[in-house]
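Respectively, the protein sequence lines represent chains A and B. The first sequence begins at 23 in my numbering and counts up by one. The second sequence begins at 27 in my numbering and counts up by one.
Be aware that a few hints might be false.
[Said to hold, decoys possible] Capping the alpha-carbon separation at 35 angstroms, the derived lysine-lysine pairs in DSBU-like fashion look like this:
1) B:K96 - A:K33
2) B:K81 - A:K79
3) B:K96 - B:K132
[Unchecked claim] Just the calculated beta-carbon pair ranges, DEER-fashion:
4) A:Q39 - B:G124: 34 to 40 angstroms
5) B:K96 - A:T42: 41 to 47 angstroms
6) A:T98 - B:S68: 19 to 25 angstroms
7) B:Q40 - A:L139: 40 to 46 angstroms
[To be verified] To give an idea of the interface, some chain A residues facing chain B are shown, with a C-beta separation under 10 angstroms as derived from the structure:
8) P65
9) Y70
10) N73
11) A75
12) S80
13) A115
14) R122
15) Q128
16) F130
Derived by calculation from the structure, the hints in this document are not laboratory data. From the three backbone atoms N, C-alpha and C, an ideal C-beta is built for every residue, glycine too.
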Amino acid sequence: DTGVSQDPRHKITKRGQNVTFRCDPISEHNRLYWYRQTLGQGPEFLTYFQNEAQLEKSRLLSDRFSAERPKGSFSTLEIQRTEQGDSAMYLCASSFLDGRAGSDTQYFGPGTRLTVL
Amino acid sequence: AQTVTQSQPEMSVQEAETVTLSCTYDTSESDYYLFWYKQPPSRQMILVIRQEAYKQQNATENRFSVNFQKAAKSFSLKISDSQLGDAAMYFCAYRPLGNTPLVFGKGTRLSVIA
Chain A
23 DTGVSQDPRH
33 KITKRGQNVT
43 FRCDPISEHN
53 RLYWYRQTLG
63 QGPEFLTYFQ
73 NEAQLEKSRL
83 LSDRFSAERP
93 KGSFSTLEIQ
103 RTEQGDSAMY
113 LCASSFLDGR
123 AGSDTQYFGP
133 GTRLTVL
Chain B
27 AQTVTQSQPE
37 MSVQEAETVT
47 LSCTYDTSES
57 DYYLFWYKQP
67 PSRQMILVIR
77 QEAYKQQNAT
87 ENRFSVNFQK
97 AAKSFSLKIS
107 DSQLGDAAMY
117 FCAYRPLGNT
127 PLVFGKGTRL
137 SVIA
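Turn these sequences into a full structure, and let the hints guide you.
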């Protein structure tokens, strides 16, 4: 079990460019979550998947953001037309739900730090 | 909306001493989960301890224990025999039953002094 991995670890881009991040969850985990963490704050929920289905999206996820999990394994998060306000750490977490709703524990990846110039 | 408040932005503790980090939350739910996560500098967030609200017994994991006061909506973390490796940001998180996103507090930065 290698844990949750994210790629890239750091991304610097210019305003208006598109960026894509990848998350590989722990094997066999059926749930995958994306959070955003800005400096001095705790992580804020963006969206989550159960297998390949995107089940919930936060109001923080504007229409410039899109996430996919095409085969129920890895996930990508794309930000189009980046803005300086998108600068943050983007965290991925995964879990395995087997039983009581809400009982699954989320395990986090190292994050992708995005800087928009 | 549920909220989590960590009123101590920074704390420090001498090595081998005990420290308590505070967390309060606001919810109208009766069943939920509470977590403490640790985020070392430039490293990933890891789970420290977890508490189910329906369990009255406080959770314990080695040197880490919680004081869960459901009526007061309080969930503090006690770290005993503090070690240099305990230095990190600590986040308290809440999750209602049947819902999936974690709601985090703003965190407490813990420094351990040798």
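Here's how the hints hold up against the structure:
1. B:K96 - A:K33: The hint is violated at about 42 angstroms.
2. B:K81 - A:K79: Between K81 of chain B and K79 of chain A the Cα gap is close to 30 angstroms, so the pair holds against 35 angstroms.
3. B:K96 - B:K132: Holds, at roughly 21 angstroms.
4. A:Q39 - B:G124: 34 to 40 angstroms: With a Cβ separation near 39 angstroms, Q39 of chain A and G124 of chain B satisfy 34 to 40 angstroms, so the hint holds.
5. B:K96 - A:T42: 41 to 47 angstroms: holds (43 angstroms)
6. A:T98 - B:S68: 19 to 25 angstroms: holds (24 angstroms)
7. B:Q40 - A:L139: 40 to 46 angstroms: holds (42 angstroms)
8. P65: With a minimum Cβ separation of about 5 angstroms from chain B (threshold 10 angstroms), the hint on P65 of chain A holds.
9. Y70: holds (6 angstroms)
10. N73: For N73 of chain A, the interface hint is violated, since the closest Cβ of chain B sits about 14 angstroms away, which is over 10 angstroms.
11. A75: violated (13 angstroms)
12. S80: holds (7 angstroms)
13. A115: Holds - the Cβ of A115 of chain A comes within 10 angstroms of chain B, reaching about 8 angstroms at its closest.
14. R122: Since the shortest Cβ distance to chain B is 8 angstroms, the answer is holds.
15. Q128: Because about 6 angstroms separates Q128 of chain A from the closest Cβ in chain B, which is inside the 10 angstroms limit, the hint holds.
16. F130: Check passed: Cβ of F130 of chain A comes within 4 angstroms of chain B, closer than 10 angstroms.
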